[in-house]
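Asker: Here is what each chain is made of, one letter per residue.
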Amino acid sequence: MATIQFDHATRHYPGAPRPSVDELNLDITDGEFLVLVGPSGCGKSTSLRMLAGLEEVDGGTIRIGEKDVTHLPPKERDIAMVFQNYALYPHMSVADNMGFALKIAGMNKADIRRRVEDAAKILDLTEYLDPKPKALSGGQRQRVAMGRAIVRNPRAFLMDEPLSNLDAKLRVQTRTQIAALQRRLGVTTVYVTHDQVEAMTMGDRVAVLKAGLLQQVDSPRNLYDQPANVFVAGFIGSPAMNIIEARLTEDGAVVGGHPVPIERGARGALGEEGAATATVGFRPESVELVGEGEGIPMEVVVVEELGSDAFAYGNLHVDGAAQTADSMVIARVDARRPPAKGDLVHLRIRAGEEHVFSPTTGERLH
Amino acid sequence: MLAVLCLLWVFPTVGLLVSSFRSQDAINSSGWWTVFASPLDFSQWTLENYGEVLFGRGMANAFVNSFVVAVPATVIPILIATFAAYAFTFMRFPGRDTLFILVVALLVVPIQVALVPLLQFYGDVGLNGSFAAVWLAHAGFGMPLAIFILRTYMQTLPKSIIESAAVDGASHFTTFWRLIVPMSVPALAAFAIFQFLWVWNDLLVALLFIGAGANEVVTVNLAGLVGSQGQGWHLLTAAGFISMIVPLLVFISLQRYFVRGLTAGAVKG
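Protein chains in written order, with our numbering: chain A, 604 to 969; chain B, 31 to 299.
Treat the hints with care, since some could be wrong.
Below 30 angstroms or equal to it, Euclidean Cα-Cα: the simulated DSS-like pairs (lysine-lysine) are [as the list claims (entries may be wrong)]:
#1 LYS189/B to LYS735/A
#2 LYS189/B to LYS706/A
#3 LYS712/A to LYS724/A
#4 LYS724/A to LYS735/A
#5 LYS813/A to LYS189/B
#6 LYS670/A to LYS189/B
#7 LYS189/B to LYS772/A
#8 LYS772/A to LYS735/A
#9 LYS678/A to LYS189/B
#10 LYS772/A to LYS724/A
#11 LYS189/B to LYS737/A
#12 LYS735/A to LYS678/A
#13 LYS189/B to LYS712/A
#14 LYS737/A to LYS712/A
#15 LYS670/A to LYS813/A
#16 LYS813/A to LYS772/A
Just so you know, these hints were derived from the structure itself, not from any lab.
Can you make the complete structure from the sequences, with help from the hints?
Answerer: Okay, structure coming up:
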């Protein structure tokens, strides 16, 4: 169990136009479950591998506990890693797979056996200790990979998209199991995923990365309520937040021909920038349907009914005509009485639930 | 259709097999297919030919010698080449790629080119006529192919397994011995079969570096028999089959290694 620190950690592949990981600063407390999330190519796996020692560090330092591990080989870092494709040793039995690291460390057979059996019990693998990995299902192999990490009692668990290869239902199931396991064992865990739902449900804190740069690191709740910039706002939350460029007038930002009031602090910041537009964001669940003239007009194109919720997708009306944008506006509507396709509805953003970002930098203003 | 072709192909070999069990007079007087007229007449079969060839003409001794030559000549290059292939695949050192190209380029060198220099060299160090001479020669000539096959195979092993072992604390040697070698068994077996068959069937190298005599191998013995026997079909067919039996058995028992994959179940996809 240990703290982990990335201090201006940088990885720049020779010949690449920009660093894959650009001066990452991250402080992870002991026992925390930190999720690294972001789109493909954002540097999350590279950061994890730098922590593991499988990737060189070109700048900055990485510390585990108080020890500077930046240039140490993996085996001296006392960490355990779970890979996306399990990486089990095919010619060994499950028990041998799990005990491999301990055997190398010179532990005696009885102790190894005991630890393997304890881990197997936690993971429900006790009947599967003798066969080889090829006899197991995907979910079971994943659990063996986790068991291999658990028996080592390391200072940190590193997990690289371990659920990506499981089917949707198994993924949901295993997600909660991993979170519960980590809570029980209390080991510092760094978890990489591209799935923001996994990030939000599993992490104590979530670090959002894009193009090698850290966008925001915060609790899931704060990331959701107070995204630091447009990218985080659009990435976290499903369905995604509606993000619209709105012209500024005295009444506020004009969205779909209807003015949305902007709070004073944001207004001031926009004024300082000399901006004529503002980037306004609102989540699908932040709107209510109101009467004509009272809200932003939207022509409904598609209604998705999910049983517990319904989402209406549509195009905003500007000057009486529907304006097709690259992505449609999404509003959550009453699941029992959703609007029909072709209806014109009017949306009002609840007070305080709008997000305003600078049109130039994308940073949050309110 | 294929069955017919196979039968046609096997036909001459069957003829030889039958002839090896017939006495000299029988062979000289009638064709081998006549045995099928009275298959249950056991007096027409004889084991004398085999007895004569094995013990009278020294083939039993040559048989053992062939093993003494072939086994180390297979094992030595495998041992060395496996270490080399591991280094070429998983370790980084200056000049690695150049060295690999050089080694593989040696595949182009025909064995005949090196024979005279080798003979001179062996004469200088006093190795001529000994088994060590042949072991070294075959190991040397088999090395480029071995390194090439093994390294190409090792490159296909999933990297994440190696990384997982590194995280688990394995040194290069542990990774090599406990992971790579067991996972490379198909490639090792494939090369072992090639090399063993090549060495067993080889006449040129054996003749040159060992020659005839107490240390001679099966191929040399057979060649000598052909030279001296000429019309002695009863002996030649028997000798032929004795020399054939080992490669046949080796191939039949190990051929599954040509196709089997060993990494099934290790990684996803």
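Asker: Taking the hints in turn, state whether each one holds.
Answerer: Verification of the supplied hints:
1. At most 30 angstroms may separate the alpha-carbon atoms for a hinted pair to count; LYS189/B and LYS735/A meet this at roughly 20 angstroms.
2. Taking the CA atoms of LYS189/B and LYS706/A, the gap is about 21 angstroms. The hint holds against a cut of 30 angstroms.
3. Restraint check for LYS712/A and LYS724/A: satisfied, since their Cα atoms lie roughly 18 angstroms apart, inside the 30 angstroms limit.
4. For the proposed pair LYS724/A and LYS735/A, the alpha carbon gap of about 18 angstroms is at most 30 angstroms, so the pair holds.
5. Taking the CA atoms of LYS813/A and LYS189/B, the gap is near 26 angstroms; set against the 30 angstroms cutoff, the hint holds.
6. The hinted pair formed by LYS670/A and LYS189/B meets the criterion: a straight-line CA distance of about 28 angstroms does not exceed 30 angstroms.
7. The hinted pair formed by LYS189/B and LYS772/A meets the criterion: a straight-line CA distance of about 29 angstroms does not exceed 30 angstroms.
8. The hinted pair formed by LYS772/A and LYS735/A meets the criterion: a straight-line CA distance of about 25 angstroms does not exceed 30 angstroms.
9. With a C-alpha separation of about 17 angstroms, the suggested pair LYS678/A and LYS189/B falls inside the 30 angstroms cut-off, and the hint holds.
10. Taking the CA atoms of LYS772/A and LYS724/A, the gap is near 23 angstroms; set against the 30 angstroms cutoff, the hint holds.
11. Using a Cα cut-off of 30 angstroms, the hinted pair LYS189/B and LYS737/A holds, with the two alpha carbons roughly 18 angstroms apart.
12. For the hint pairing LYS735/A with LYS678/A, the CA-to-CA distance comes to about 25 angstroms; that is within 30 angstroms, so the pair holds.
13. For the hint linking LYS189/B to LYS712/A, the alpha-carbon distance of about 28 angstroms falls within 30 angstroms, and the restraint holds.
14. Proposed proximity of LYS737/A and LYS712/A is supported: the alpha carbons are some 24 angstroms apart, at most 30 angstroms.
15. With a CA separation close to 28 angstroms, the supplied pair LYS670/A and LYS813/A stays within the 30 angstroms bound.
16. Taken as a hint, the LYS813/A and LYS772/A pair is honoured in the structure, with Cα atoms around 28 angstroms apart against an allowance of 30 angstroms.
Hint compliance for this structure: every hint is met.
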